[in-house]
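J.: So the chains spell out like this:
2 protein chains.
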Amino acid sequence: MAENQTPAVVLLSGGADSTVLLHHVLRNLGRRPVHALSFNYSQRHSKELDCARWQARAAGVTEHRIIDVSFLGDLLKPATALVTGGKEVPSLRDLPAAQRVQPPTYVPNRNMILLSVGAAYAETAGVEEVFYGAQAQDQYGYWDCTTTFVERLNHVLALNRGKPVKVYAPFVRMKKAETIQLGMELGVDFSRTWSCYKGGQKACGTCPTCAERLAAFRAAGAQDPIPYETEPNTP
Amino acid sequence: MAENQTPAVVLLSGGADSTVLLHHVLRNLGRRPVHALSFNYSQRHSKELDCARWQARAAGVTEHRIIDVSFLGDLLKPATALVTGGKEVPSLRDLPAAQRVQPPTYVPNRNMILLSVGAAYAETAGVEEVFYGAQAQDQYGYWDCTTTFVERLNHVLALNRGKPVKVYAPFVRMKKAETIQLGMELGVDFSRTWSCYKGGQKACGTCPTCAERLAAFRAAGAQDPIPYETEPNTP
Numbered sequence: 010m011a012e013n014q015t016p017a018v019v020l021l022s023g024g025a026d027s028t029v030l031l032h033h034v035l036r037n038l039g040r041r042p043v044h045a046l047s048f049n050y051s052q053r054h055s056k057e058l059d060c061a062r063w064q065a066r067a068a069g070v071t072e073h074r075i076i077d078v079s080f081l082g083d084l085l086k087p088a089t090a091l092v093t094g095g096k097e098v099p100s101l102r103d104l105p106a107a108q109r110v111q112p113p114t115y116v117p118n119r120n121m122i123l124l125s126v127g128a129a130y131a132e133t134a135g136v137e138e139v140f141y142g143a144q145a146q147d148q149y150g151y152w153d154c155t156t157t158f159v160e161r162l163n164h165v166l167a168l169n170r171g172k173p174v175k176v177y178a179p180f181v182r183m184k185k186a187e188t189i190q191l192g193m194e195l196g197v198d199f200s201r202t203w204s205c206y207k208g209g210q211k212a213c214g215t216c217p218t219c220a221e222r223l224a225a226f227r228a229a230g231a232q233d234p235i236p237y238e239t240e241p242n243t244p
Numbered sequence: 010m011a012e013n014q015t016p017a018v019v020l021l022s023g024g025a026d027s028t029v030l031l032h033h034v035l036r037n038l039g040r041r042p043v044h045a046l047s048f049n050y051s052q053r054h055s056k057e058l059d060c061a062r063w064q065a066r067a068a069g070v071t072e073h074r075i076i077d078v079s080f081l082g083d084l085l086k087p088a089t090a091l092v093t094g095g096k097e098v099p100s101l102r103d104l105p106a107a108q109r110v111q112p113p114t115y116v117p118n119r120n121m122i123l124l125s126v127g128a129a130y131a132e133t134a135g136v137e138e139v140f141y142g143a144q145a146q147d148q149y150g151y152w153d154c155t156t157t158f159v160e161r162l163n164h165v166l167a168l169n170r171g172k173p174v175k176v177y178a179p180f181v182r183m184k185k186a187e188t189i190q191l192g193m194e195l196g197v198d199f200s201r202t203w204s205c206y207k208g209g210q211k212a213c214g215t216c217p218t219c220a221e222r223l224a225a226f227r228a229a230g231a232q233d234p235i236p237y238e239t240e241p242n243t244p
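Residue numbers (our numbering), protein chains in the order written: chain A, 10 to 244; chain B, 10 to 244.
Mixed in with the good hints, there may be bad ones.
Same chains, same label: a pair holds when it works inside one copy or across any pair of copies.
Claimed, not checked - In the DSS-like style, the derived pairs of lysine-lysine whose C-alpha atoms are separated by at most 25 Å in a straight line are: (1) Lys96 / Lys172; (2) Lys211 / Lys172; (3) Lys211 / Lys56; (4) Lys86 / Lys172; (5) Lys207 / Lys56; (6) Lys86 / Lys184; (7) Lys56 / Lys172; (8) Lys207 / Lys175; (9) Lys56 / Lys175; (10) Lys96 / Lys184; (11) Lys211 / Lys175.
For the record, the hints were derived by calculation from the structure and aren't laboratory data.
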């Protein structure tokens, strides 16, 4: 494998996409120092963060920080289902078409906040590259997972006169099935990733992210190793 | 005064510029509901926040929130003088010319973080306008106080498909002396504002922001009502 001493910051939620991203950055882009950043934003459960911890250790990152931005919970709960005390998590099948443009699982401006903090951390640590696991299938409902979002954010960050940081989203044009496929090639242990918006003993199988994850594994011709309450045939 | 029912969010640090901004938004842009947001980002002292509290109450805002982003202190202290445990606050006269492009008092990506959080709060509260007190004289050393920064940030926020928020920086082309002048016209009580980067009993009079504030009051033909340790003749 090519040597690459350029350090990188990777935003690691502990879900499937960002976990594949972590391994991709560490192994496909040359062995390099990686700082993984996870965020406690008062999400409904800590399963994702437990997975992030496990994956960061298994991957052998240089540093893993879990940053406490839990103030976001109180601030944003009137408008989102994804934080403790917020709206109810919907089933994908119950989601009216009109809500798909900005579903209840959208967290107001979350990704700009997390990427801004990631860029600030990178700038402080002397790192110029921040990796972000947005993938194409989230673009239907999340304006902050799009190519244009990443491009425009980089236009802002490019103004920094001292240590400009750039955001890379290598999966932003890939479908989730393709990132799963890539993860399997990299030997990612998907049993240690968590996507479900609820924090049950098993993943619910019906919330938007469960439905999309199950469909992606099916499309990749693979079995998702995590247990589900129910596995709908049609996502 | 014209009625204006459009609510606004104002970022209020408790310094001179953002305090003038608060009164400007409340009084020159029509009587309107205003949500003031202040941030505890682990700055060296709480004098600014005490002033923000006083000003928000005096101005009669609809809501004043002090948001705890103190995680930024630990994260960013290796790279800035402005947080507890960080680098030493320099005197403006000791600042080498090369450092003026990005002085030690610059906090990595702070303004993008605070504006992202402000936009998220506004989106949640159904507010479309976020006011930001950047003024022209800070552009020498702070890329995140420039017109281009505000324009590009707005290009990002415009992508929001549900409730796009826009950042307004009405002072971004004004010199500090002009904002002081405007504040005097509005009857702002400058004795209840704090700009000094240090948290002494009196303002130091020599750090970059003290020097600039003193010069701005002089240029506006006024006396700064807060006490100083020393008042240099040349800023």
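J.: None of the hints should be skipped; say for each whether it holds.
T.: Hints, verified against the model:
Taking the closest pair of Cα atoms, Lys96 and Lys172 come within 25 Å of each other only across two copies (17 Å); inside a single copy the shortest separation is 39 Å, beyond that limit. In the homo-oligomer, the alpha carbons of Lys211 and Lys172 never lie at most 25 Å apart, since the shortest distance is 44 Å inside one protomer and 34 Å across protomers. Taking CA atoms no more than 25 Å apart as the test, Lys211 paired with Lys56 passes inside one copy only; the shortest distance there is 11 Å, against 49 Å between copies. Only between protomers do Lys86 and Lys172 lie at most 25 Å apart by alpha-carbon distance; the minimum there is 16 Å, versus 34 Å within a single protomer.
Taking CA atoms no more than 25 Å apart as the test, Lys207 paired with Lys56 passes inside one copy only; the shortest distance there is 9 Å, against 42 Å between copies. Proximity of Lys86 to Lys184 under the C-alpha cut-off of 25 Å is found in neither arrangement, the shortest distances being 29 Å within a copy and 39 Å between copies. Taking identical chains as interchangeable, the C-alpha atoms of Lys56 and Lys172 are never at most 25 Å apart, the minima being 35 Å within one chain and 30 Å between chains. For the identical chains of this complex, Lys207 and Lys175 are neighbours neither inside a copy (32 Å) nor across copies (32 Å), given an alpha-carbon limit of 25 Å.
Within a single copy, Lys56 and Lys175 get their C-alpha atoms no closer than 29 Å, and across copies no closer than 35 Å, so neither meets the 25 Å cut-off. When the C-alpha separation of Lys96 and Lys184 is checked against a cutoff of 25 Å, the pair qualifies neither within a copy, at 28 Å, nor between copies, at 45 Å. With identical chains, the CA atoms of Lys211 and Lys175 are never at most 25 Å apart, being 37 Å at best within one copy and 41 Å at best between copies.
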